[in-house]
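K.L.:
In order, the protein sequences belong to chains A and B.
FYI, in this note's numbering the residues of the first sequence are 308 to 599.
FYI, in this note's numbering the residues of the second sequence are 84 to 512.
Some hints could be false.
Stated by the list, open to error - Within a straight-line C-alpha distance of at most 27 Å, the following computed BS3-like cross-link-like pairs (lysine-lysine) qualify: (1) B:K173 <-> B:K431; (2) B:K431 <-> A:K587; (3) A:K587 <-> B:K173; (4) B:K175 <-> B:K431; (5) A:K587 <-> B:K175.
Derived by calculation from the structure, the hints in this document are not laboratory data.
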Amino acid sequence: MSPDLNVVAAAPTTPIGRLAAWLRRGAVQTILIVVALFWLIPGIGLLITSFRPLEAVAGSGWWTTVASPGDLTVQNYANLVGDQTLIEAVINTFFIAVPSTVIPILLAAAAGYALAWIEFRGRDAVFLLVVAMLVVPLQMALIPAFKLFRSMGLGGLSSVWLFHTAFGLPFAIFLMRNYYAGLPSSLMETARIDGANEWKIFLRIVLPLGFPAIASLAIFQFTWTWNDLLVALIFAGDRAPLMVWISQRLGQFGSGIDVITAGVFISALVPLAIFFAFQKYFEVGLLGGAVK
Amino acid sequence: MGRRRWLVAILFLAPALFVLGALVVYPALDTVRLSFYDRLGREFVGLANYREMFGLDRMRTAIRNSFIWVAVFPMCVTTIGLVLAVLSEKVKWRSAFRVILFMPAAIAVLSSGIIWRFMYDASPDTGLINAFLNIPAAVFSPEGSYPGAAASYDGLTQAAPGEAVSQMVDVGSDGAVALLGLLRLTDAQLPESAVEAVQPEAGGPGVLTGVVWRDTAPGDNVRGIVDPTERGIPDIPVDIIDSGGVTVTEVVSGRDGSFQVSGLDPGKYTVEIPSSTFRESWRGITWLGKDLITMSAIVAGIWIWAGFALLVIASGLASLPRDVLEAARVDGAGDWQVFRRVTVPLLKPVLTVVFVALTINALKMFDLIIGIAPGSVQVDANVIALEMWRSAFTGGGNRGLGAAIAVFLLLLILPVLVFNIRRFRLEQN
Chain A
308 MSPDLNVVAA APTTPIGRLA AWLRRGAVQT ILIVVALFWL IPGIGLLITS FRPLEAVAGS
368 GWWTTVASPG DLTVQNYANL VGDQTLIEAV INTFFIAVPS TVIPILLAAA AGYALAWIEF
428 RGRDAVFLLV VAMLVVPLQM ALIPAFKLFR SMGLGGLSSV WLFHTAFGLP FAIFLMRNYY
488 AGLPSSLMET ARIDGANEWK IFLRIVLPLG FPAIASLAIF QFTWTWNDLL VALIFAGDRA
548 PLMVWISQRL GQFGSGIDVI TAGVFISALV PLAIFFAFQK YFEVGLLGGA VK
Chain B
84 MGRRRWLVAI LFLAPALFVL GALVVYPALD TVRLSFYDRL GREFVGLANY REMFGLDRMR
144 TAIRNSFIWV AVFPMCVTTI GLVLAVLSEK VKWRSAFRVI LFMPAAIAVL SSGIIWRFMY
204 DASPDTGLIN AFLNIPAAVF SPEGSYPGAA ASYDGLTQAA PGEAVSQMVD VGSDGAVALL
264 GLLRLTDAQL PESAVEAVQP EAGGPGVLTG VVWRDTAPGD NVRGIVDPTE RGIPDIPVDI
324 IDSGGVTVTE VVSGRDGSFQ VSGLDPGKYT VEIPSSTFRE SWRGITWLGK DLITMSAIVA
384 GIWIWAGFAL LVIASGLASL PRDVLEAARV DGAGDWQVFR RVTVPLLKPV LTVVFVALTI
444 NALKMFDLII GIAPGSVQVD ANVIALEMWR SAFTGGGNRG LGAAIAVFLL LLILPVLVFN
504 IRRFRLEQN
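Looking at chain B on its own, in the form it has when it is part of the complex:
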């Protein structure tokens, strides 16, 4: 009987065990062997592949990024899942809420990556996140009328592009002349009303005369002097600031760009076009640039997997003994205390399972990076599983190196494997 039963069991198990043996166990062992062989799997090279692996820049980036993933992603997703599971218990539309959060898990990870590539677009015109961040900037510091225009000659001061343009003048017995020449603006930017500028002349005691003009004309011209055919820039606000830093008065340039102030006390003044005229619109954060790409990808990862954590934790929550929670509440514990001292400790096994599953996910991250990182940033977004594929199957195809990376990945996951086996041993006993 015992032997017959054994035979029957084998018949039921044989197909599955054969496939597992041929396509999981044997290949896994062969991968370990290949990791000590050369790129074609022919010559034994000892630890050379492992040395090469830790020496490659690409791989170093991948290891660093994978560690960031493991450090940030499981913790964030588990926490968000827990908080949302508890909060959504309190509303009537909880199942609708959970469906919405779970939807990203149904579609391909590659597609989610592409969806977020659009969200992260650097231009505030086309990327929603930057457009959203641009709202305060657009309200409080809008683009100037001549963004990016710059001082035209050395006698003027401008700290940086987009900053104020100013000139120091000394108002004496002859008065003073301010020549505010500007570059880097096109003829088309000037309004129709603009007419040719005239070199201003000193206006006598206490008088400041000046001009704001486009200091460039076709052909011969000298910077810092109003040449024929150069046009004035109308409607530019000009501040007159005394040596104490106090703004004495403000004027606005006329159709030929000229302005005049009289009745000034003798002394030094700063004539300044404030930065608001030159301010450029906000260019947006390059979320998908090489510095931020891993963080941006992790946020997309949270978007994909939070629904999974929410669902598992919510089902764990539903199976908690109600009377314990209610007893705590009757004893006068507030929401926060019940959450900290009762709910979280009771949920610990479920939270552990979720956390472990997410850690493995973080280590095996692959399609998300391909989907979200632009071609030029793929190197900076690299992770271990992606580098394994790159090394082994693209370009030349280095089997030894690819195998070494796979073994490295397995070693990182090994603690989880041991943990799982222990857990099921305990359950069975």
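Next comes chain A alone, as it looks inside the complex:
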């Protein structure tokens, strides 16, 4: 196909053809702008609501604030800064999300290497088992895991870490193994000929080269565990993170709107910051996550 032909086909030369093309482009732009607004407005609405006094929220919509921006107040946030339960929830969320991200990635990085570059009998079977576990709903493990943790005397943070690790692992192993499998085999072969053992190859070559996959995975898993409600509801006990804190206040929806709106935005700050800072990695993790 010669490029000249494409240009001719893409750019109509008659005035009517040009007008039609221009109108069509305008229609696409308009549709996408409307769609983008539809996606932005709900979040903006809650953000503005979180800066409005409770009496105003009950009587009028947040969009009326555009007419009288003087009504906005930071009181809702000021109230929360002094709320010990919220501060504890923020701390708990960090203490849940960081280990729940680090532990499965460490385990998956090692397991992924074995599945990608060490040839052993039963390798395919192990990998298929991991693939099968990708879609096993975590509901299948909640009740026995709850009993198990209790019988072992584990509670709060450690039980949440372990559960997140277990259900983060299949995807983590899957992603790491596929990434490692894409590395050039000559690297491993040269190192083996040079007498390096598997542990050294893993530490010196594979782990550093796998950084992009680890970064994507870390961002994916951190956001997932930060935003999780179900696992925390069941296992966190008195170390309740932000999502549990918010869900408890939902019971009093109506009286606690000011607290809930501000809490939602405080809890969204960290994932949004990560999203904007590491957007590329975020997307890679998500594209891999399409199988989940």
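Position chain B against the provided structure of chain A, taking the given hints into account.
P.N.:
Chain B only, in chain A's frame:
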């Protein structure tokens, strides 16, 4: 060498496999076992939990809703993602557009549910969606001056609250009298100019006299008669309609609520205050009521996950062979034809992956329902994954029932599991 390599592999795999075995495989098998045991996991009860599961109203609602989710949600999100991926290819700000659509996926699903609970607020004053829908109503059928006011006695006709109030009169040689008494309006609603009403008297041949008044006074009073201290309602439009349904004339009540029409031909007339006076403002759609809640939640779900579908499909689109698309275009195919006959078939593997991922998501829906449905509607918005948690971990905590629901959920997801394994078997071979 072979054995040593095997040992090394095991060392690399051991930590991960141990955790998977202890916290995924063993618990999953134990859940299957528990589903045949009683609520405390002590006594074997056979299929009792499964029978109970399908008999519970809560669970029936949950199954119905989950099926609606599965039927509607993946299809909508995949279609929207596909259309937006193709459209956004055509604009320069495509990456900004994709970031905007993807933002909801970064924040917690629970928070998104709460965000939409505000959007769906039933009152047009505080809920944006109802406020938006209220715009045409506010322009074309605005609230009347006495919304909700009603006819005060049986001699008057009013089809329903908010409708017109009318009285049949017979204009004869003495003329006729119309008494339009109203209830359900407060004294404070009357303007300052309103003065006490007077019982009208017949005005002679061809004359209709009447009064519109607030037919209620403290203490003794009789409905349908103007009692002392009862005030007239000024500025009310009154239509005089003949027996043929033609509006003969329109008058407006005075400060004491009185009105008068003369020169009428003898015959029957309907004296009517039109509904515009009584029309109430629109109350808004209860999006979060028990009938609409699942549909409303699905729309919120689309808002959350469309960015994911868009992103995956757009990356699939970027990897399509350009020359095939261009060849189709050069052959004279229009945009729509290229989309239908070339783009969609080529994207089918990607679309399948997205669709399957969304189906699993629909079945595992949990936090969105907690966030979006008000407490009183939680029962009506119930889904399987949510009911599993409720049965097993809230209230009494029925482990057997919870386990049975979990197994049911797994069975629904099982086809996907088999599909995935087949796919990777093929890839490996």
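K.L.:
Are the Cα positions of K431 of chain B and K587 of chain A separated by 27 Å at most?
P.N.:
Holds, at roughly 25 Å.
K.L.:
Going straight from one Cα to the other, do K587 of chain A and K175 of chain B come out at no more than 27 Å?
P.N.:
19 Å, holds
K.L.:
Given the hint that K587 of chain A pairs with K173 of chain B, does the C-alpha gap stay at or below 27 Å?
P.N.:
OK: K587 of chain A and K173 of chain B at ~21 Å, within 27 Å.
K.L.:
Check the hint pairing K173 of chain B with K431 of chain B against an upper bound of 27 Å on the C-alpha distance.
P.N.:
Roughly 21 Å separates the two Cα atoms, so the pair holds.
K.L.:
Taken at face value, is the distance from the CA of K431 of chain B to the CA of K175 of chain B at most 27 Å?
P.N.:
Cα-Cα ~26 Å, so holds.
In this structure, every one of the numbered hints holds.
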